[in-house]
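Knowing the structure of chain A, use the given hints to seat chain B on it.
Heads up: the protein sequence lines correspond to chains A and B, in order.
In terms of this note's numbering, the first sequence is residues 3 to 686.
In terms of this note's numbering, the second sequence is residues 462 to 787.
Calculated from the structure, these hints are not laboratory results.
This structure is a prediction, so every number in the text was calculated from the model and none was measured.
Just so you know, not all the hints are guaranteed correct.
Pairs of lysine-lysine, BS3-like flavour, derived with a Cα cap of 27 Å [stated by the list, open to error]:
id : chain 1 : residue 1 : chain 2 : residue 2
1  : B       : K723      : A       : K81
2  : A       : K70       : B       : K702
3  : A       : K83       : B       : K725
4  : B       : K725      : A       : K70
5  : A       : K83       : B       : K723
6  : B       : K645      : A       : K81
7  : B       : K732      : A       : K70
8  : A       : K81       : B       : K708
9  : A       : K83       : B       : K578
10 : B       : K732      : A       : K83
11 : A       : K81       : B       : K747
12 : B       : K721      : A       : K83
13 : B       : K723      : B       : K708
14 : B       : K721      : A       : K70
15 : B       : K670      : A       : K81
16 : A       : K445      : A       : K294
17 : A       : K70       : B       : K729
18 : A       : K389      : A       : K445
19 : B       : K723      : A       : K70
20 : B       : K741      : A       : K83
21 : B       : K670      : A       : K83
22 : B       : K578      : A       : K81
23 : B       : K578      : A       : K70
24 : A       : K83       : B       : K708
25 : B       : K741      : A       : K81
26 : A       : K595      : A       : K571
27 : A       : K81       : B       : K721
28 : A       : K83       : B       : K702
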Amino acid sequence: MMNTENKPTSIKKLFKAAAAGLVAAPAAAQAVTLGSVSATMAPWMLLAVPAVVALWWVMKSIPQERLKQIFPGIQLLAKVKREEPAPTKMPWWQYIPITLATAAVVGALAKPEYNPQAPLEGNGPVVLFVDNGWSPARNWNMRTAQMENLIARADRAARSVVIIPTAAPEDGSPLIPIGPISATEARSIVKTMKPLPWPSQRGEALKALDKLDSTQKTSVFWLSDGLDDQHTTALAQKLQTLGNVTVLEDDKIISPRLIDPPTGQADKLSVTVRRAHGEAADKVPLTVADKKGNPLGSTEAIFKPGETKAEAVFELPNHVANDIDHVLIPDDNTAGSRVLIDERFRRRPVGIIQNGADSLANEARYPMQALAPYAELHQGSIDDLLKHKLAVIVMTDAASTATGQNKKIEQWVSEQGGTLLRFAGPNLAQQEKSDDDPLLPIKLARGSRTLGGDASGSKAARLSPFPEGSPFAGITPPSDVFIREEVLPQPGADTKSNTWARLDNGTPLVTVKHYGKGQIVLVHTSADPSWSNLAYSGAFIEMLRAVVTSSQGVSEKLENGDLSLPPVKVMDGEGRMTTPSAAVRPLTSEDIKSADVGPRHPPGFYGNQILQQAHNLASAVPELKPLGKLPDNIERRVYEPGEKDRDLTGYMWGGAFAFLLMDLALMAWTRRGKRHTPANKPAP
Amino acid sequence: MKIDDLKARIAKVFRLNAQAEEVRRHIPLHQRPDIDLITRGLPRGGPHLYNKKGPGLQYFDQRPFVSGQDDPRGIHPKYSQKDKRGQLIYVEREAEIRHNYYFWRSNKPSMDWKSEKATFTGREAAEIIMYAFAKHVARTHEQIGLLESGHTQRGDRVGEWMGMRLAQDASTHDMPRMQRLPAKQSSAVLISDFLPGDEEYSTPESLYKGLDQTLKMLRGQSVAGWVVMVADPQTLHFDYKDIELFKGVNDASIEINLGKGKRKEQQKEYKDILAEHINKLRQITKAYGFKFIIQRTDEPLQNALRAVYNIGPAEPASTARMEIKP
Numbered sequence: 003m004m005n006t007e008n009k010p011t012s013i014k015k016l017f018k019a020a021a022a023g024l025v026a027a028p029a030a031a032q033a034v035t036l037g038s039v040s041a042t043m044a045p046w047m048l049l050a051v052p053a054v055v056a057l058w059w060v061m062k063s064i065p066q067e068r069l070k071q072i073f074p075g076i077q078l079l080a081k082v083k084r085e086e087p088a089p090t091k092m093p094w095w096q097y098i099p100i101t102l103a104t105a106a107v108v109g110a111l112a113k114p115e116y117n118p119q120a121p122l123e124g125n126g127p128v129v130l131f132v133d134n135g136w137s138p139a140r141n142w143n144m145r146t147a148q149m150e151n152l153i154a155r156a157d158r159a160a161r162s163v164v165i166i167p168t169a170a171p172e173d174g175s176p177l178i179p180i181g182p183i184s185a186t187e188a189r190s191i192v193k194t195m196k197p198l199p200w201p202s203q204r205g206e207a208l209k210a211l212d213k214l215d216s217t218q219k220t221s222v223f224w225l226s227d228g229l230d231d232q233h234t235t236a237l238a239q240k241l242q243t244l245g246n247v248t249v250l251e252d253d254k255i256i257s258p259r260l261i262d263p264p265t266g267q268a269d270k271l272s273v274t275v276r277r278a279h280g281e282a283a284d285k286v287p288l289t290v291a292d293k294k295g296n297p298l299g300s301t302e303a304i305f306k307p308g309e310t311k312a313e314a315v316f317e318l319p320n321h322v323a324n325d326i327d328h329v330l331i332p333d334d335n336t337a338g339s340r341v342l343i344d345e346r347f348r349r350r351p352v353g354i355i356q357n358g359a360d361s362l363a364n365e366a367r368y369p370m371q372a373l374a375p376y377a378e379l380h381q382g383s384i385d386d387l388l389k390h391k392l393a394v395i396v397m398t399d400a401a402s403t404a405t406g407q408n409k410k411i412e413q414w415v416s417e418q419g420g421t422l423l424r425f426a427g428p429n430l431a432q433q434e435k436s437d438d439d440p441l442l443p444i445k446l447a448r449g450s451r452t453l454g455g456d457a458s459g460s461k462a463a464r465l466s467p468f469p470e471g472s473p474f475a476g477i478t479p480p481s482d483v484f485i486r487e488e489v490l491p492q493p494g495a496d497t498k499s500n501t502w503a504r505l506d507n508g509t510p511l512v513t514v515k516h517y518g519k520g521q522i523v524l525v526h527t528s529a530d531p532s533w534s535n536l537a538y539s540g541a542f543i544e545m546l547r548a549v550v551t552s553s554q555g556v557s558e559k560l561e562n563g564d565l566s567l568p569p570v571k572v573m574d575g576e577g578r579m580t581t582p583s584a585a586v587r588p589l590t591s592e593d594i595k596s597a598d599v600g601p602r603h604p605p606g607f608y609g610n611q612i613l614q615q616a617h618n619l620a621s622a623v624p625e626l627k628p629l630g631k632l633p634d635n636i637e638r639r640v641y642e643p644g645e646k647d648r649d650l651t652g653y654m655w656g657g658a659f660a661f662l663l664m665d666l667a668l669m670a671w672t673r674r675g676k677r678h679t680p681a682n683k684p685a686p
Numbered sequence: 462m463k464i465d466d467l468k469a470r471i472a473k474v475f476r477l478n479a480q481a482e483e484v485r486r487h488i489p490l491h492q493r494p495d496i497d498l499i500t501r502g503l504p505r506g507g508p509h510l511y512n513k514k515g516p517g518l519q520y521f522d523q524r525p526f527v528s529g530q531d532d533p534r535g536i537h538p539k540y541s542q543k544d545k546r547g548q549l550i551y552v553e554r555e556a557e558i559r560h561n562y563y564f565w566r567s568n569k570p571s572m573d574w575k576s577e578k579a580t581f582t583g584r585e586a587a588e589i590i591m592y593a594f595a596k597h598v599a600r601t602h603e604q605i606g607l608l609e610s611g612h613t614q615r616g617d618r619v620g621e622w623m624g625m626r627l628a629q630d631a632s633t634h635d636m637p638r639m640q641r642l643p644a645k646q647s648s649a650v651l652i653s654d655f656l657p658g659d660e661e662y663s664t665p666e667s668l669y670k671g672l673d674q675t676l677k678m679l680r681g682q683s684v685a686g687w688v689v690m691v692a693d694p695q696t697l698h699f700d701y702k703d704i705e706l707f708k709g710v711n712d713a714s715i716e717i718n719l720g721k722g723k724r725k726e727q728q729k730e731y732k733d734i735l736a737e738h739i740n741k742l743r744q745i746t747k748a749y750g751f752k753f754i755i756q757r758t759d760e761p762l763q764n765a766l767r768a769v770y771n772i773g774p775a776e777p778a779s780t781a782r783m784e785i786k787p
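Chain A with its partners taken away, still in its complex shape:
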């Protein structure tokens, strides 16, 4: 109870407190203009500050309710001396929580804002033009935060939002602007928005802009991927017609990187990495991995200053070469940072026509042992071999007469694009030559020529250096290899174009003929040591590998065919392999040639479980260059993590709730164990 004698003094105090509050209110209202520190969307609510002061005073004035204790010895207690009790007031520290809670409520109603930014220009819907192709994936979180921030600003200014993505939607539908929509809807769209594994289509986006109403000037934010293309300038000009344009782009350090499909074979893969900005030196780690993602090897692509391309070579053991599935840049989760590898880069299947028992005397043993570490070998009759998908068929001299099924081989070479590697020998030398034998690359003279014998009057021939343009170019011809016998072409049949290797006497050693979709290669000496010691040398292995490499492999045949390959697994915008959606269509040779990478054909593996064709993003990105000069009056900024204004209203409500709970806890603590009531009478 309030002491009546104190009333006049208390009223004076009340007026003083109210006056202090009124003085404080305009001071607080100035916070609107404090700029980068704080702002308020409802400054008039600061007039409630005097209410807080008044509450403080009232709480200080109200006597605290005393706790009463029942005590049976009350009559004895009456004899105890006692001081005249003054009205008890709440201790000052007990009303701190409730006062702070009230202050927090007032603060929440004033809608304060931390780090406020300049108001949005214009009065139309805020336009968010978002590049959501493959390249922004590396820094997508920053874009999401930026979009949410802009939407929040639009929300506070009570403006709607238009979102225009530039990558074709996943369902293959045409690009259209989303909106104008409310901020709430825009937030839900931004949450589900993600980078897509194909390039942005700014040309299509430019057409979509025509559908927007440009009569109301507004703020346009282009959340770009930092890459340039032929539509950039036109697009910037078009955006300027809508209002004030701000372009946001990535820092040069995190600009996108793209891996081109590798060259070479699996045991020596060479990959090229491209980047948009070439100013600084950079090292890009690369990993080659199998289907499960287990790393098989790693290397680095080193960019020198000023270069936008760097090459890296993986030297892998032979036993892992067939397990290679993809090359990727670790921690760089974009569709461009993962290149898929298919059969063309793996060990190729080679068939060796078997004739007779597998013995040391068997001629086929020499090419078989030479190719075993580098190719997937199959042996058997021609009928057995043709059941497999083969890149190369090796036909030794003994096999050429044993099979007698030349027609099937001819058909395989011409229609399926295979490579027939043939070796000469006594059988071929003695064979009746017809001019139109399809399985010989050139017309041969009858018989063979012996070199280095006493009767021949000539020396055994050595290999001459391999000519440029030959698959054998780069192989050093060994000096200790001597060819003692060979089959010779008819005069004039060998030309520069159809001869891959010659002897030092000028006669051809390896000749080739393109036949149909494939090729036929003839080694003019035997595969075994009967005519030469070539089979004993390392050059023999290198030459056979070069012939296998020159073949088209087995996947290449699909490109040439009229087949359409259904999708097996496709890549998402963050470089992960996923199950293809219903919108993904089978891949045809036309799609491969036109490098069609989009919602219909996202990067991934196409084909079937046995034979798969890799479809990579790099083929659709011929050029990777940074965003160039833009028209004047366009503000260009880099995405910055700290650039965010924050609405503090929620924090204020939370604080008010927390202070109320604190007050409750304090009250419970001060009253703990103080109440005693008479016990109930026991039951009779």
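Just chain B, lined up with the frame of chain A:
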């Protein structure tokens, strides 16, 4: 063991415990097992109140006959014959153990109060002591009675009889109002908190007067016995540090505001007043041949019975520790 079986067993144990607790709450005090427990170790023959010569039949002492003073019928022939000096030997008899026990406990509202430090309310403590004592002496075929009504009962079922009678007792007075005087030479047990409270004994002085009158009336019937004060620990210690305002149990309109400034001094002063009060009660009871016992409600109730049987202290050691001394 399967998990479900284990769960079922645990649930059963908890359920049984809950049932036991529920049943215990509804058991009348006179049927509670602790009544039998607290009488363990007490002498079977009843309290030896009259260990002195008197008109009883038991042998007490022998001495030479004094002519003109002693009754010649008290001369013991055998002892006189065996006496080497040839004197006549007179045998004195022990005073007879009393056969009627009367009980009374206060039924005023403050007996239902219990502080957070106590185990029992005053009423619970008083009734448990009464039932235990009554059942114990009833085993030696003594008469058990209630002081206010004067009715007595004998046998194994005195607990039930007493419980039924007490349940019907709606009186709230502070001292027994005897409708019938008790039998002569009987014993009485009076149990209360003996704190001034209701209208009749609202001051300590009136309470002393009331007690004096009651004991005087009993003494007129040659009744002796025990006055047991059941004391809550908080009424003894007055350990309220943060509370300023106190009100009575019997009359809630009485409020006393002590303030908080001098609580230690006030606590000491209260203890002195209480010690004086207890001392006064002790003096009154002693004057009429009664024994004054203090039973704390946070200590085993066996203490009061042990004091009745003279095998334990009349006042608890803890009371001595809190410096409430005569």
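Holds or violated: K732/B with K70/A, Cα cutoff 27 Å? 21 Å, holds
Holds or violated: K83/A to K708/B, with C-alpha atoms at most 27 Å apart: Status holds; Cα separation ~16 Å.
27 Å limit on alpha-carbon distance, applied to hinted pair K595/A and K571/A: 20 Å, holds
27 Å limit on alpha-carbon distance, applied to hinted pair K578/B and K81/A: 24 Å, holds
Starting from K741/B, check that the Cα of K81/A is at most 27 Å away, please. It holds: about 16 Å lies between the C-alpha atoms, which stays within 27 Å.
Given the hinted pair K81/A and K747/B, is their Cα-Cα distance within 27 Å? Holds - the C-alpha atoms of K747/B and K81/A are around 26 Å apart, at most 27 Å.
What's the verdict on K645/B and K81/A, does the C-alpha distance respect the 27 Å limit or exceed it? It is violated: about 40 Å lies between the C-alpha atoms, which goes past 27 Å.
Can you confirm whether the C-alpha distance between K723/B and K70/A stays at or below 27 Å? 18 Å, holds
Has the given pair, K741/B with K83/A, been kept, meaning a C-alpha gap of at most 27 Å? Holds, at roughly 21 Å.
Check the hint pairing K389/A with K445/A against an upper bound of 27 Å on the C-alpha distance. Violated: K389/A and K445/A sit about 30 Å apart, past 27 Å.
Keeping to a limit of 27 Å between CA atoms, is the pair of K83/A and K578/B held or broken? Given that 27 Å is the threshold and the Cα spacing comes to 25 Å, the pair holds.
For the pair supplied as a hint, K81/A and K708/B, is the alpha-carbon distance within the 27 Å limit? Distance of about 14 Å is within 27 Å: holds.
The structure shown violates the earlier hints numbered 6, 16, 18.
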